[in-house]
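One letter stands for each residue in the lines below.
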Amino acid sequence: MKKMLSTIFVGILIAVLIGFGEDAKGASSIVVGVDSAPITMDPGGSNADPNFSVMANFFDGLLQRREDGKLYPALAERYEHPDLLTWKFYLKKGIKFHNGNPFTAADVKFTFERLKDPKCCSEFMDIGNQIASADIIDDYTIVIKTVTPDPSFDQNLDYLFMMDKESTEARNQGKVGIEPIGTGAYKLVEWVKGSYVKMTANEDYWGGAPPIRDVDMRPVTESSTRFAALVSGEVEMISGVPVELYDKLVNNPKIEVVSRPGRRPIFLALGNKPGAPWADMRVRKAMYMAINEEEIIAKVMRGQASPATQLADSAMVGYTEDIKRLPYDPVQAKKLLEEAGYADGFEITLAGPNDRYVQDEKICEAVAKYLAKIGIDCKLDVKPKAVFFPEIIAGDKYDFYLLGWLSNTYDYRQNYTFLFYTRGQEKGYGSWNGTSYSDPELDKLFDATDGMVDKKERRAALEDLSRKVMEKIGVIPLHLGLNTYAVQKAAEINFTPRPDRWLIFKDISKK
Amino acid sequence: MATYITRRLIQGVIVLLCVSFICFVIFRYTGDPVVTLAGVYSTIQDREEIRRAYGLDRPVIVQYVSFIARAAKGDFGNSYVTRVPAFGLIMERFPATVELVVTAVILALVLGTGLGVLVSLKPYAATNRLIMAASLGGISIPTFLIGILLIMIFSVYLGILPPFGRGETVTIGFWRTGFLTRSGIAHLILPALTLTGYQLAVLLRLTRAGMREVLTEEYIKTAWAKGLSPQRVIFKHALKNVLIPVVTMSGLMLGELLAFAVVTETIFQWPGMGNLLLKSIYESDQPVIVTYIMLASVIILSINILVDITYAFLNPRIRYD
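For the record, the sequence lines run as chains Y and E.
Numbering-wise (my numbering), the first sequence opens with residue 6 and increments by one.
Numbering-wise (my numbering), the second sequence opens with residue 906 and increments by one.
Hints in this document: simulated from the structure, not taken from any laboratory.
Every residue, glycine too, gets a C-beta built ideally from N, C-alpha and C.
A portion of the hints provided could be inaccurate.
Partner residues aside, some chain E positions facing chain Y, computed with beta carbon under 8 Å [claimed, not checked]:
| id | residue |
| --- | --- |
| 1 | G936 |
| 2 | A943 |
| 3 | G944 |
| 4 | Y946 |
| 5 | D951 |
| 6 | P990 |
| 7 | I1056 |
| 8 | S1060 |
| 9 | T1171 |
| 10 | I1172 |
| 11 | P1176 |
Under the rule of at most 30 Å between Cα atoms (straight-line distance), these lysine-lysine pairs were calculated in the DSS-like manner [stated by the list, open to error]:
| id | chain 1 | residue 1 | chain 2 | residue 2 |
| --- | --- | --- | --- | --- |
| 12 | Y | K460 | Y | K93 |
| 13 | E | K978 | Y | K180 |
| 14 | E | K1184 | Y | K203 |
| 15 | Y | K402 | E | K1184 |
| 16 | Y | K390 | E | K1184 |
| 17 | Y | K198 | E | K978 |
| 18 | Y | K402 | Y | K432 |
| 19 | Y | K477 | Y | K340 |
| 20 | Y | K340 | Y | K278 |
| 21 | E | K1184 | Y | K198 |
| 22 | Y | K516 | Y | K203 |
| 23 | Y | K473 | Y | K374 |
| 24 | E | K1184 | Y | K253 |
| 25 | E | K1184 | Y | K192 |
Work out the full structure: start from the sequences and follow the hints.
Below you can see the structure in the form of structure tokens.
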């Protein structure tokens, strides 16, 4: 009798629990599980990609980037770049912010000048300090002058989101940081930090009302939980498929995995201080050739990466296809070491983060093993990014470390100035050049490109620079990870991954 | 009693000052907030400008004193990441953690003592041995593993319980509660079970050990001999004397879980304070970390004081004069 009662009790419990299952989702709404949470609703508050991804739904830039990685008009219908310092924008007319205010040149001026204020926009100081003046010609024409020539200035305009002057000035920073007022295709419904961002379509959007009306974006940072959320049907789509669970999702008949090559090259920075063994070209070559990148991709990245040939991705100005990787050849590598006089190898420390990039620590371990095979005694020093990155920025601590670099400007200029340019000069370049790599010849080549207005000439010069950097093995490139997403087949989502990993919901639809 | 409480409060303030100072210094050296503030694409000059604007170029001790001076007025500074007040950021997540932890502790207390008493009465029965063996599992299996296993079983394979988040919530004043909706309760089940596992096992074993000891005492034999009902003997005479360590333990648990339910909150993406702490440490968001740890200390200190006061009610022989 007792047994029967308990069976009945368990039966009822299960029935009740099944009742808790979520209702089916409609065609005009979508629930997405994302791998990182938005930080603020102030577009000037954070330049992290997960934040841009959310901001791009509430706000528009003067320009926009599409899935092909190219720039298209957005709030500016066209622009001119008459001389090295001047950028002239012609704004679209009749656009309104979510609060009804019209979008005019005054808002553009306000947005750019706001970026100079370290209290609200410290992550955009690089842009803010570059703006010399913003002059309003009329309500729909504005001229921006930069302090120094910046031929790739327009490449920033897809993520510099235009804010409403009146309502931003009227509210305090706390309010601006939680209630976005933009011109974008969606309006914020509710943001519960750590739980969800709910948005609804802006029916008056200048580009036409988006097909999906209600968006529910839920951050699920723990990768196995994100996997469970998708498989259990709590969300219809996830970004960031964990490497270790990839096979499971691919084999699941209800799930479709969508991926595209990422834009972030993972590489090994290698200093060239005179006197160090690794300042010798033959040693640099040997270290490059000792690393079996194919095996790293197959075993450590489980196939979720493609080999990198240079510190640029194919969407960038400065990328060139004619750079090839050095072949994996430990025998030749050993010979090169002998020629350089290091037959018995030498000692080097490989540093790196252990919580930043996919499998970062494992990659470092693999590299150390490959180097050991040609006789180099490679010690490991991996640590959390919160400790590691400041050390890189402070510089002069490591000669050899793993890093990834995402260029948000799609232009090699940024990569060169941050990663290779000689440190400690008045321009303040080289802020991520933690090994203090220095090559005056390359710096000179770079300086020449800053005076070029002609896009073709400049592109060729940057490609040449990129080629020279790789000839001198400025860094050892490893791979570009894949950006992966998984969707429920039943939800019939039309989705094309973007190079910047943003989720722009106006471009997503359901059948 | 009053002098006792005053003394404890003064001690508390000193502890708080020490905790905040240690924490301030440690997190100042485990990551440079300027790197967070300046973002990836800043030049060396930008960083110096930001360092000055936020007063981070001053000596650590000066920064600490100005932080404490402002904290005394209730201003804990703004988060470096989100740029909104750190205290508000934490309090916004407070209800989620409280609801999860209180549920877990109540479960542990009720089931732990209940099963403990049950097991102690017939220690050699087969089912009771099974319960004891399971409790060993509860103590030794790490929380994150229990959480992942529960998700795998109930969300992925059976598909009956949601794997993450809080579900639908209702806001009453400033308090956002998940207790009032069906989806809120469904979302609470797995994380609460995960969090309660270890605590339940500990309380169970504690109760059992205490009960077995007390049940052999002379006064219990007298009670049986007097012909008292089993309920009276077990609950009034035996259990009440076992409860002191159990209450101490539950109090400590409550404080510790409120402050550091980090692992469970992370696995279940529970939007509580622990989740925020972890994220803030990753981003070296110093104002949030320090405020958080001070708040955690306040919670643990006050719960300890409450536990001490409860002793006096459980055992009238304990006095604090």
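Evaluated hints:
1. Using the Cβ-Cβ criterion of 8 Å, the hint placing E:G936 at the interface with chain Y is satisfied: the shortest such distance is roughly 4 Å.
2. At a threshold of 8 Å, the smallest CB-CB gap from E:A943 to chain Y is about 6 Å, leaving the interface hint in force.
3. Look at E:G944: its Cβ gets to within about 3 Å of chain Y, closer than 8 Å, so that hint holds up.
4. For E:Y946, the suggested interface contact is upheld, since its CB lies about 5 Å from the closest CB of chain Y, less than 8 Å.
5. Taking 8 Å as the C-beta cut-off, the interface hint given for E:D951 holds, the closest approach to chain Y being about 4 Å.
6. Hint status for E:P990 relative to chain Y: holds, with the closest Cβ pair at about 7 Å, below 8 Å.
7. Taking 8 Å as the C-beta cut-off, the interface hint given for E:I1056 holds, the closest approach to chain Y being about 5 Å.
8. Restraint check, E:S1060 versus chain Y: the minimum CB separation of about 4 Å is within 8 Å; hint holds.
9. Because the beta carbon of E:T1171 sits about 6 Å from the nearest beta carbon in chain Y, less than 8 Å, this interface hint is met.
10. About 6 Å separates the beta-carbon of E:I1172 from the nearest beta-carbon of chain Y, less than 8 Å, and the hint is met.
11. The closest approach between the C-beta of E:P1176 and any C-beta of chain Y is roughly 3 Å, which is under the 8 Å cut-off, so the hint is satisfied.
12. A threshold of 30 Å between alpha carbons decides the hint, and for Y:K460 with Y:K93 the separation of about 17 Å falls inside it, so the pair holds.
13. A threshold of 30 Å between alpha carbons decides the hint, and for E:K978 with Y:K180 the separation of about 22 Å falls inside it, so the pair holds.
14. Of the pairs offered as hints, the one joining E:K1184 and Y:K203 holds, with about 21 Å between alpha carbons and a cut-off of 30 Å not exceeded.
15. For the suggested pair Y:K402 and E:K1184, the alpha carbons sit about 26 Å apart, so the restraint of at most 30 Å is met.
16. A threshold of 30 Å between alpha carbons decides the hint, and for Y:K390 with E:K1184 the separation of about 12 Å falls inside it, so the pair holds.
17. A distance of roughly 26 Å separates the Cα atoms of Y:K198 and E:K978; the hinted pair therefore holds under the 30 Å criterion.
18. Taking the CA atoms of Y:K402 and Y:K432, the gap is about 22 Å. The hint holds against a cut of 30 Å.
19. Between Y:K477 and Y:K340, the direct Cα distance comes to roughly 19 Å. Compliance with the 30 Å bound is thereby established for this hinted pair.
20. At most 30 Å may separate the alpha-carbon atoms for a hinted pair to count; Y:K340 and Y:K278 meet this at roughly 23 Å.
21. As the CA atoms of E:K1184 and Y:K198 are separated by approximately 12 Å, the hinted pair is consistent with the 30 Å bound.
22. Taking the CA atoms of Y:K516 and Y:K203, the gap is about 22 Å. The hint holds against a cut of 30 Å.
23. Between Y:K473 and Y:K374 the CA atoms are separated by roughly 29 Å; this keeps the pair inside 30 Å, and the hint holds.
24. With a C-alpha separation of about 28 Å, the suggested pairing of E:K1184 with Y:K253 holds against the 30 Å cut-off.
25. Restraint check for E:K1184 and Y:K192: satisfied, since their Cα atoms lie roughly 27 Å apart, inside the 30 Å limit.
Going down the numbered hints, you'll see the structure goes against none, and every one checks out.
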